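Asker: Using the hints, put the two chains back together into the complex; each one sits in its own frame.
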Amino acid sequence: MKKKKKYNMLWGNLLFLGPSTLVFLAVVVIPFAISIIYSFSNWNGISNEIKFVGLNNFNNIFSGKAKFLDAFWFTLRITAVSVLLINLLGILLAVALTARLPLRNPFRAAFYLPQTMGGLILGFIWQFIFIAGFPAIGDKLNLGFFTQQWLGTEKTAFAALVIVNVWQNAGYVMVIMIAALSGISSELIESAKVDGSRPLNTFLRIKLPLCVPYITVSLFWTISSALKMFETNVSLTKGGPYGSTTSMALNIYNDAFANNKYGLATAEALVFFVIILAITSVQLYMSKRKESQIL
Amino acid sequence: MKRTKGRLTMLCVSLAGVLALTACGGQANEGQNSQTGSSESAKTKTIYIYQNKIEIDKALKKTAEAYTALHPDIQFSIESVSDNFSTGLKTKLASGELPDVFTVLGNQDLKLWQSQLEDLTDQPWTKDMIPLAKEGITGDDGKVYGLPVSVEGYGYVYNKKLFQQAGISKVPVTLTELKQDVESLKSAGIQPLVGAYMDWYQAGNFLVNMGIARQKDPLAFIKGLYDGTATFVGNEIFKEVADFIQYDFANGKNGLSTNFNNQTTQLVNGEIAMTLGGNWLQPTIDNGNASLETGLMPLPVNDNPEENDKLYAGVSGYWAINKDSNVKKEVKDFFNWLVTTPEGQTHMTKDMQLIPGFSSFSADNETIGDLGADLSRYLKEGKVYGSYNSYYPDGVAQAFGEAVQRFVAGQVDKDGFLQELQNEWDRLAE
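From first to last, the protein sequence lines are chains A and B. 1 is the number of the first residue of the first sequence in this note's numbering; add one for each residue after it. 1 is the number of the first residue of the second sequence in this note's numbering; add one for each residue after it.
Next up, chain B with everything else stripped away, as it sits in the complex (with noise of 0.2 Å):
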């Protein structure tokens, strides 16, 4: 019987190591977590932003200590992850460790999440939101449900200096212009173009997006490819489209084997003259080659200057609020005092270099930068198309990124490309 209960105790002690080591797995997440944060200390809270933009991370950081310097017992715990950032959102989700607030895309995005969001409807800031942020965060029951981080415009990035040496006196807004400003820059022996058509970001989100964006009516447009009365195939506007992707990818270099931080390098190196990006390049111009001449010019696919003389621009992302946080008060005081006090919007137009999707402020021209300034122009003449990424069914974006790479690769020919983007949408809308 002695033999017996010294088992048990045996037992006991196993089952006591095992538990024991759960909750150590446990207790390392703590410090990112503000629900069980919360509950160590009373005084003190944390809120957890995870955030895709991770050119921001210093900036918001710097933001987050001045907010904890007026408000001393809230801190922060910020993550920034760019690639795989909803991967990590839905492990977070799966481990019941969703953050205070994460990023949201919008539209498709927002139908994904809304089960998860806080309502922030009756927010004093909503009613200052510009439409073309309104519209992406507003659910089906009119609710909104986050705050615009910041509005981004792409087009082709060029290098102001190189285009002077090419002797290139103002920046091409129609199809024939660009070829001929192409061909001046060969023969000044400068490389005009760089795609990065490795990763298929860029060509899913970007470059089909012209296509979308073009149309006449871009909403209408993605309706009907839902219920199956509008398609790709055979449309004037994809094919100019597609013609363009081959010119682009004709007068690059290596385009396939080409990612993005490769294609960043020779843009900030100087090594090219234009390259298919947005606003969101400056910090890392900024960091690399200070004195770098940068603006951003239009992607003309026509003749036709007054259809091409625009950018394409966007909300990026939104900051939302997960509906059971412990400290959603907290966060919603953060938000109110970023977009409406004049010290939080400094923070947000100066430090983090951001477009606001707000009427009630604006961007700082001097500290955004040239490419900044440049959309931030675009806008507010109104030449701009809109970006419609965040519409299309999930995944659809990498697909078309992958029939992108077909199609430059010679695989298939212009109506074979145009084919298989429907045929990748009907594929994953159903």
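Isolated chain A, as found in the complex (with noise of 0.2 Å):
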């Protein structure tokens, strides 16, 4: 009897596992293991022959003769920017938009609409505000500051994809935030205004660490999708001016479609997981000790 209850056990998992363990393997498992093989090779991405270079492409990475290490430098400085400029946004915007202000619905939609719409649309709607809008508007107020060449500079081209990201990217902290801050019990807040605490102190001391675990998946989705930045990246600036603001998706896929080095740029995909692993786990690990400490 209870043998027979295992093989109707082993149906069942066939039956729920099974498709999407194909569905897996088909999609994920083999084609990364294929990567791994080409990352060994200099394939061009058409032609029969492939030939195994053994470890060059991961030599070529790493002494910087294929500009994989600026890209990386890139995408570092600009996921640290954007990744404390989004959640402090989102946070903000998330206690403002909690408060009991009016027309407080349409204000979450219309920060949260930037969200719903493609990166690359963004970047070229962006790239016509920065070219055509922002000097429209400095000529006729004689502003220096909106008259520069926003996307010409190494300076601002950074500060321009910085812009675009956090105002596509907030709404969406500002969301999981806002069912934070409403999903802490009224009592709890009520009992602290008994107490006597003010409401920077009740937010700092008490909303607060009772949102941690609503950070952590914050920052876990904003770290990882900054340092995957490609969309905004290859229509705002293309990378542009002179490479300077080449995120290491966009590196890789250059390196794949313009230059050809289709094993060199395999070479940098999986050099690109294993940082992006590497990073988004020791963030996940981190703000589960805090979340554990606190809570």
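Any given hint might turn out to be false.
To be verified - Below are the PhoX-like pairs computed for lysine-lysine, each with C-alpha atoms no more than 25 Å apart in a straight line: (1) Lys380/B - Lys350/B; (2) Lys332/B - Lys45/B; (3) Lys414/B - Lys65/A; (4) Lys160/B - Lys253/B; (5) Lys111/B - Lys51/A; (6) Lys161/B - Lys186/B; (7) Lys253/B - Lys186/B; (8) Lys140/A - Lys253/B; (9) Lys155/A - Lys414/B; (10) Lys45/B - Lys61/B; (11) Lys186/B - Lys140/A; (12) Lys332/B - Lys92/B; (13) Lys51/A - Lys92/B; (14) Lys414/B - Lys67/A; (15) Lys216/B - Lys134/B; (16) Lys329/B - Lys127/B; (17) Lys62/B - Lys43/B; (18) Lys253/B - Lys155/A; (19) Lys216/B - Lys380/B; (20) Lys65/A - Lys223/B.
Claimed, not checked - Under 8 Å between C-beta atoms, here's a sample of chain B residues computed to sit facing chain A: (21) Lys90; (22) Leu93; (23) Leu112; (24) Met198; (25) Leu256; (26) Asn259; (27) Asn262; (28) Gln398; (29) Gln411; (30) Leu428.
Derived from the structure by calculation, the hints contain no laboratory data. Note that the structure is predicted; figures quoted are calculated from it, not measured. Even for Gly, the Cβ is constructed at its ideal location relative to N, Cα and C.
Answerer: The structure is reproduced here in structure tokens:
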């Protein structure tokens, strides 16, 4: 009897997990394995000849010959700046929009809206704003800040990418944090009030610590998406001026499709994968520890 | 036991569902893909063309319709993409949907794709190809792999009316003359130049090509770059070209935040007197501001009129046939019709406004517009430099473009710029 049950379990498992495992194998595991093989070759992506070159591709990456390190450094910087700003702004918006404001819901929708648009389109729209919109405003109001060549210099192009990233993603963090803030029991807040805690103190000492699990999620999501930045990069700056805003993903794309160095690109993609894995695991580990300390 | 059977059925159903999903995905593409399309009905065959000249898209579709009217059993599916053309093509190859006809750029690009292409050497029109057109699409094995779409040339596109307003009666053919004209344009309150330095494309392809094309023997120079006997560093011709690039940038406006769209808009609106461009701009000008009178003029880098009164020209691309296509014969017939019959030729020259890479028929001066007419005149007089981008290692044009951006932004000086060209070449050539 027991044996029969086990037999049935097998069918049940196969039924529910079989198809998804098959799909997972076909679209994740096998391509991943193949890309590991390609990363040791000098394949150009098209021809039938594939020559294996050992660790050559990885050598080129770590010796700085392949420009991957430049892209890595740029990506780290922009991730640091935009993750900080996205989360700060997201939390601020959430705090503001959980207060009893008129038109609260339309505002929530408005701030969330950029998130629903594709990054590619956002990039093109903002490219127009930076090239034509800002100078027009600057000319009318005589403000030098607006008339500068936003996408033409290294620093302002960096700033432009940060602006678009923050504008696009702050709404998402806001939604998560609104959920967090409205989940806090009102009794707790009231008793704090009775005890004489001021609003700022209540926020920093009670609300924020209770939101830490949500902050973990927001951080994880913003960090991994900033590290993988691609569409906005491609459509807003194309990595320019002079390649100074090339993210890791864009660099891989260029090597694979423009430079026809498919082998090198897959090697870079592997390194890219390991970097993201490392950074996000460290972040998850640290914020989980923080959570267990507080809660 | 009954329960097991029930589960088994469910498993089958869910698997069938997955299969049905994938099958649907396959079917969606059938409209584009002749390989599956032709199996649907034996009579009509569809030729799938994927090409990179977005500006001839409409005219090409019209031509295809005319051909379908003559041959009702041939249908066309035409897709024109300019940005990311080659990425799209590689994706199509990877998914097993390589088009029947697609654009190949010649030389390096030919080497890349040669193993997928049909040999066209025995086609009747290959003997009529002009040498400039033939050398780019002839493989190392001496076979011809494509049909030249168009000869294209570039220089400064200038606005004739603004030149008149500034009192300029003839186009400059030396650097000194150019500088004088720029000054008189400025004093007339006209923006003399604008360059699209935000995109790497023009800088990397057109500006750097000037240096290579002006070498005594450009092909030998490129060969020297590959085997290490020639270098950009300290090359006198490249120094002149670098000075010219700097001059062009300095007299433009906001170059590093001007992209191609921006540049074209300013030209079409008559806001600028000169800008880097070529005869491919004609359809855009005709659509945007038909009354705009433009011309194509040289890019002088020194004061020797003979060296400078020239444009730069090359074949912009070739249509090649996928050797595994099911409609190879039909495509060959179509190509024959296009370039050997008067009707097809008219479509090439009048509708698509192309300058043919064939000696058997020539461009129609009335329809190719001002820019094409100027280019055609320079071609006839033999006053052209070649276009050598297609000989570069893959990715070099973009790297060159970024080097030019760094140079005009003042990040590197002239020597540093030439060194950078060299470094990028070496990095990508291996």
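Asker: Hint by hint, work out which the structure violates, then give me just those numbers in ascending order.
Answerer: none
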